[in-house]
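Student: Line order of the protein sequences matches chains V and S. For the first sequence, this note's numbering begins at 1 and goes up steadily by one. For the second sequence, this note's numbering begins at 1 and goes up steadily by one.
Bear in mind the hints are in silico, worked out from the structure with no lab data behind them. Accuracy of the hints is not assured; some may be wrong.
Since copy identity is lost for identical chains, a pair holds within one copy or between any two.
Unchecked claim - SDA-like cross-link-like pairs, simulated, lysine to any residue; straight-line CA separation at most 20 Å:
no.	residue 1	residue 2
1	Lys160	Glu139
2	Lys185	Glu139
3	Lys213	Leu4
4	Lys185	Asn20
5	Lys160	Gly177
6	Lys185	Leu163
7	Lys160	Ile199
8	Lys185	Asp13
9	Lys160	Asp178
10	Lys213	Leu163
11	Lys185	Pro19
12	Lys144	Val55
Protein chains: 2
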Amino acid sequence: MARLRFHISMSLDGFIAGPNQNEENPLGEGGEQLHEWALPLATWRASHGREGGEVNASSRVLEESLENIGATVMGRNMFGGSGAWGDEPWEGWWGEEPPFHMPVFVVTHHPRAAVAKQGGTTFTFVTDGIESALEQAREAAAGKDVALGGGANVAQHYLKAGLIDDMTIHLVPVLLGDGAQLFDKLGNADVRLECTRAIEAPGVTHLRYRVVK
Amino acid sequence: MARLRFHISMSLDGFIAGPNQNEENPLGEGGEQLHEWALPLATWRASHGREGGEVNASSRVLEESLENIGATVMGRNMFGGSGAWGDEPWEGWWGEEPPFHMPVFVVTHHPRAAVAKQGGTTFTFVTDGIESALEQAREAAAGKDVALGGGANVAQHYLKAGLIDDMTIHLVPVLLGDGAQLFDKLGNADVRLECTRAIEAPGVTHLRYRVVK
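Bound-form chain V, shown alone:
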């Protein structure tokens, strides 16, 4: 069956975004530091339609994370930020041509019609839970894997439910001190992980985990 794969940048103190995330600063204060390792890479630039860039030990890791993905699931905050939707649904953080180029399923409590964007990205809003979103994404992925896009909240729901097959944490040696934590809502849930690979690269350590079922 199609695997659910999750890769995310996290600070050494466990944050995946800084404090005070908003429409103008979706990564929160200091959060941009979590992604500095990726931005110079040719792989990242190409995936965002840009030329040039570097190749280093992170390149292969980033390439892998993009390979064989047929659909994405994400939480509402990842689509468009908490509290940002009024009566007039807005279009999310991602602009006219989001970088997904595939069907994206957004887990939310607020029903709304699907949105098709330029470049092949569609946003479908799923109100009946994380399992349903994953099921729809698997169907849309047509044999490829499904990526879990984040954020912290929905990721923890998937992790707790034992639905993530493969998790890569891009561990960034900064301390944010506050913000959105990746593991703060799991209580003492019995989540068992095994590190299957550790790769050092400039400004980041890539840690790949198998979720033991």
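Knowing the structure of chain V, use the given hints to seat chain S on it.
Tutor: Just chain S, lined up with the frame of chain V:
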């Protein structure tokens, strides 16, 4: 000058001990999982006067952490637990023959006389701050390095003050959910780290950081 070196086991969600630490369970609930990688090693057993044991990718890391150390600094909780000292000073967690075999300087607000234990461990109680404890430890180390023994509290004071030269985090893929966090009191202190080595081993990933001054 003698370097201050810190190595510590941490859960993936940032805890170095579980909740409800007490005299009978100094590691807190679930905290023993953080040290399971070390216990079977021949190196660990030898350092605690025992024979036998395994050799794996962790062995060299543990050996390094024990090499060329001439003195240790630690916090009061690491010596003997918070609230455990009454009018009658108790002897700490470490028993009659502590595994340090060197001078140990305990940072505390409570003055008391030094204690000499079997096997060469002495505990000296320092009431005038972390810099003073480090200075005394450096002198006692006589040219060797100083180990920071923990716990979380005093480690963060040393980190914030820029006094740690070298930090190794033994990252254990468990989620404790609660307990003593390694990085919860730093706020937005400007602590800059660089990962200089990542080693995968059974049940643990060893991440070595240089503290950028």
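Student: Does each hint hold? Answer for all of them.
Tutor: Hints versus structure:
In this assembly of identical chains, Lys160 and Glu139 lie within 20 Å of each other by CA distance neither inside one copy nor across copies; the values are 22 Å within and 50 Å between. For a Cα distance limit of 20 Å, the shortest separation of Lys185 from Glu139 qualifies neither inside one copy, at 29 Å, nor across copies, at 45 Å. Taking the shortest Cα distances, Lys213 and Leu4 sit within 20 Å of each other inside one copy (13 Å), while across copies they are farther apart (41 Å). With identical chains, the CA atoms of Lys185 and Asn20 are at most 20 Å apart both within one copy (19 Å) and between copies (19 Å).
Taking the closest pair of Cα atoms, Lys160 and Gly177 come within 20 Å of each other only across two copies (12 Å); inside a single copy the shortest separation is 24 Å, beyond that limit. Taking CA atoms no more than 20 Å apart as the test, Lys185 paired with Leu163 passes inside one copy only; the shortest distance there is 16 Å, against 33 Å between copies. In the homo-oligomer, the alpha carbons of Lys160 and Ile199 never lie at most 20 Å apart, since the shortest distance is 26 Å inside one protomer and 27 Å across protomers. Proximity of Lys185 to Asp13 under the C-alpha cut-off of 20 Å is found in both arrangements, the shortest distances being 15 Å within a copy and 11 Å between copies.
For a Cα distance limit of 20 Å, the shortest separation of Lys160 from Asp178 across copies, 16 Å, qualifies, whereas the shortest one inside one copy, 23 Å, does not. In this homomeric assembly, Lys213 and Leu163 come within 20 Å of each other (Cα to Cα) only inside a single copy, at 9 Å, whereas the closest approach across copies is 42 Å. In the homo-oligomer, the alpha carbons of Lys185 and Pro19 lie at most 20 Å apart both inside one protomer (17 Å) and across protomers (15 Å), since each shortest distance falls under that limit. Taking identical chains as interchangeable, the C-alpha atoms of Lys144 and Val55 are never at most 20 Å apart, the minima being 26 Å within one chain and 40 Å between chains.
This entry does not satisfy hints 1, 2, 7 and 12, going by the numbered hints stated previously.
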